[in-house]
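Engineer: Here is how the chains run, residue by residue.
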Amino acid sequence: MHPLELVTNLRAFLPAEAVLYESEDLKPYECDGLSAYRQTPMIVALPQTEDEVIRILRICHTSKTPVVARGAGTGLSGGALPHPAGVLLSLAKLKRILEVDPVARTALVQPGVRNLAISEAAAPYGLYYAPDPSSQIACSIGGNVAENSGGVHCLKYGLTVHNILKLRVVTMAGESLEIGSASLDAPGYDLLALMTGSEGMLGIVTEIIVKLTPSPEKAQVVMAAFDDIRKAGNAVANVIGAGIIPAGMEMMDKIATRAVEEYVHVGYNLEAAAILLCEADGTAEEVADEIRRIDKIMRESGAIEIRTSRDETERLRFWAGRKAAFPAAGRVSPDYYCMDGTIPRKNLARVLGGIEKLSTEYGLRCMNVFHAGDGNLHPLILYDANLPGELEKTEEFGVKILEMCIEAGGTITGEHGVGIEKINQMCSQFSSGELKIFHAVKAAFDPEGLLNPGKAVPTLRRCAEHGAMHVHSGEEKFPELPRF
Amino acid sequence: MQNIIDQFANIIRAAAGCKAPLRICGGGSKEFYGNRIVGQNIDMLDITTYSGIVDYEPTELVVTARTGTRLADLEAELYKHRQMLAFEPPHFGSAATLGGCVATGLSGPRRASVGAVRDFVLGVRMLDGRGDDLRFGGQVMKNVAGYDISRLMTGSMGTLGLLLEVSLKVLPLPPMEMTLSLQMKEAEAIEKMNLWAGKPLPISATCFCNDALTLRLSGAEAAVRAAHAKLGGEEVAEGAAFWQSVREQTHIFFQPGKSLWRLSIKSTAPPLSLLGQQLIEWGGALRWLISDAEVGTETVRVAAKTASGHATLFRSGESSAAAFHPLAPEMMNIHRCLKEKFDPMGILNPGRMYPGL
Ligand SMILES: Cc1cc2nc3c(=O)[nH]c(=O)nc-3n(C[C@H](O)[C@H](O)[C@H](O)COP(=O)(O)OP(=O)(O)OC[C@H]3O[C@@H](n4cnc5c(N)ncnc54)[C@H](O)[C@@H]3O)c2cc1C
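If you read the sequences in order, they're chains A and B.
Oh and the first sequence: position 127 is 127 in our numbering, straight run, nothing missing.
Just so we're on the same page, our numbering is the position in the second sequence counted from 1, plus 1000.
Among the hints, erroneous ones may be present.
[To be verified] Computed footprint of chain A on chain B, listed as stretches where at least three residues anywhere in the stretch have a Cβ under 8 Å from a Cβ of chain A:
no., segment
1, 1040-1052
2, 1167-1175
3, 1215-1223
4, 1280-1288
No wet-lab data here; the hints were simulated from the structure.
Ideal placement from N, C-alpha and C gives every residue a C-beta, glycine not left out.
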């Protein structure tokens, strides 16, 4: 369909300001949080109701127009990167919290609601929405569902998939589905899990019932410094081996610590090779007990300095540095590239060592801040996009890190999604049979492949061209060669 | 072990070649659950030969085991390291396997506080209906590469593939557990369970039956004692045995020979007036109904639906053709498409879940 004809059809039921097609209006939508990739869409549509979403999708379906959903555009893998001949469907105006049910501990929300807004609405009842991505002031719950987002507290409280009960989803053909239920399970296949993390490939989420969690009576954090990153890694294993599941367990390496200290002035130990932040929450009795045990384990694991937050202000201060890692990276370097692999924790020291080697090899600094408790690494490669060839070098460095994660028995993405960014590495992680199953799932929901085309799952042809070898988790390609 | 997988794959390919249905079978402990498999000359595919733990490192909180592994053996190994399958899967017999546990997707008393089987599944290795050996997910806690096939397989009753290996997140055993009993009526119990679930209390299981609300507290000793002081109630001496009887349905409530309905509904739903006796778990979200045949299927389904949930005929005298709650037509379409893609010849447990799947 001609763009102007499509605009006319959409404006038949949408107000003029909800259908954009002039290039200056399209500009703000040309990228998400992965700004290295940019593309203006043909049209941007901003529906306000599910009914409008359905009508937009029906028109696009009939005219075979690609559709890309967008929440708040904070995604880090280019999932919301527009299609040049498609409609960018922004869910930002569906931003109402429809109901908070404090007794059942659930909230019914629209997809454009900000993650933090849910916790704010639940706070008067002593409840909150547990998954807390660092982007929570901005990112939308619809985007969280699409990426299965996590946060610092997911070690104990789970990811998005563990904290939602029900979705309303509109398929590309414009049909609404009710997936999951207000009870704890639903009949049939677990389509709720299938939708979670599906990166806008299977349907448009228009309503979500999230679970709310009682706010803990108390939280306290231990900050431990280590002179060797391996000792810090072992400390993580020792805490968990002792039967403790901390509310959060985060690590920062020396470069990261120095960068954030300069930014937030918390008094982190600048000589330490690694800093661990380990939080306990629960009833006052539980926290006291757990903090005592954590403190002992940190000492036994060789911590050179241990501090425990004395009050809520200090607890937030200890966390401030970890939470400010991204902006801090932005201060010490013109650009940074955030990676997101997960590995079994036991390989932490080995993989970090490997990253350090690569960093020297490529002549690019890399700071590590990550969810140590669940082995989710976020190496931030520092580079300068204005230097010719530096972005390419950075991307190559990033690819090497991801391949190392697969070889260590892990995965190329823990929480940021595949999007367009990691599409080639999917060929390394999965066999063609496995990729075929992914395509089959896509086809069950969207047989014409109109939703977010080209993302998340590579075509088999692309993998053949990319020439990546499929690496089975844990098995190395050339086991006889020395690693890293 | 690879030769066993090759054997399984050959059986599947042969069956697909002549469109002959296969009945995937572990220990047979959950044979009663779901519908009868449809078709003529059904062959059995016994997975119990493919057993054993593949990988278990307690400090990683992950165990990977072959699906023919007896659930009891797996739990015993975890117990040695003071860890557990936190979702407390019912065994329903000593032969129960990990495969049956994941395929049926059933969870026990701790479900409302920690999550269900699907919440702990991290990865699977499986054969699809073409006999292709596939792996999804992995052994790490966070993984969003590709669609979540591992969780899709959980609870799919063997209709989408043959599970070979499953990686599960495990949790440490709580340092202390205490069981309390409080006398009250049903409506008050439902209200209390919901109220307390909204507070930071270490309640790990609930059960209401015969005007008694039984609660289990799990956690650090100080926290458990403090919660007991807050909640009141009598301490039950044989707490562990009580929860075991609820989990395994050996509790006196579950009289054999009658129809047992499982209603999974919104936890705050008021008492359901249905013919028969009820037992409530999961903070009000799970209602078991024992009744003689006179309570109509339709009545139970409508009651569950009205309470924002669904009803399963969990056990019944005669083998049923419609154990599970009917799906909306558009949802059934998606199910059929998925089945067709995973198992194009329709040979894996056909009809066990729904007709045509
Ligand atoms: C500074 C910073 C910190 C971050 N920290 C974290 C973190 O700690 N943990 C973490 O997990 N992530 C983190 N992220 C990544 C990002 O915030 C999450 O992926 C978030 O869930 C994206 O939400 P969004 O609303 O911005 O989605 P978008 O970026 O707009 O979209 C993301 C994907 O979801 C799809 N989508 C959006 N809405 C819908 C819908 N209603 N229906 C169907 N599909 C939809 C899009 O098509 C796209 O594929 C961070 C990002 C930044 C910039």
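Engineer: Hint by hint, say whether it matches the structure.
Structural biologist: Against the structure, the hints:
Look at the segment 1040-1052 of chain B against chain A: 0 of its residues bring a Cβ nearer than 8 Å to a Cβ of that chain, fewer than three, so the hint is violated. Under a criterion of three residues with beta carbons nearer than 8 Å to beta carbons of chain A, the stated coverage of the segment 1167-1175 of chain B is upheld, 4 such residues being counted. Only when three residues or more bring their CB closer than 8 Å to a CB of chain A does the claim for the segment 1215-1223 of chain B stand; here the count is 5, and the claim holds. For a cut-off of 8 Å, the count of residues in the segment 1280-1288 of chain B with a CB near a CB of chain A stands at 3, and the three-residue condition holds.
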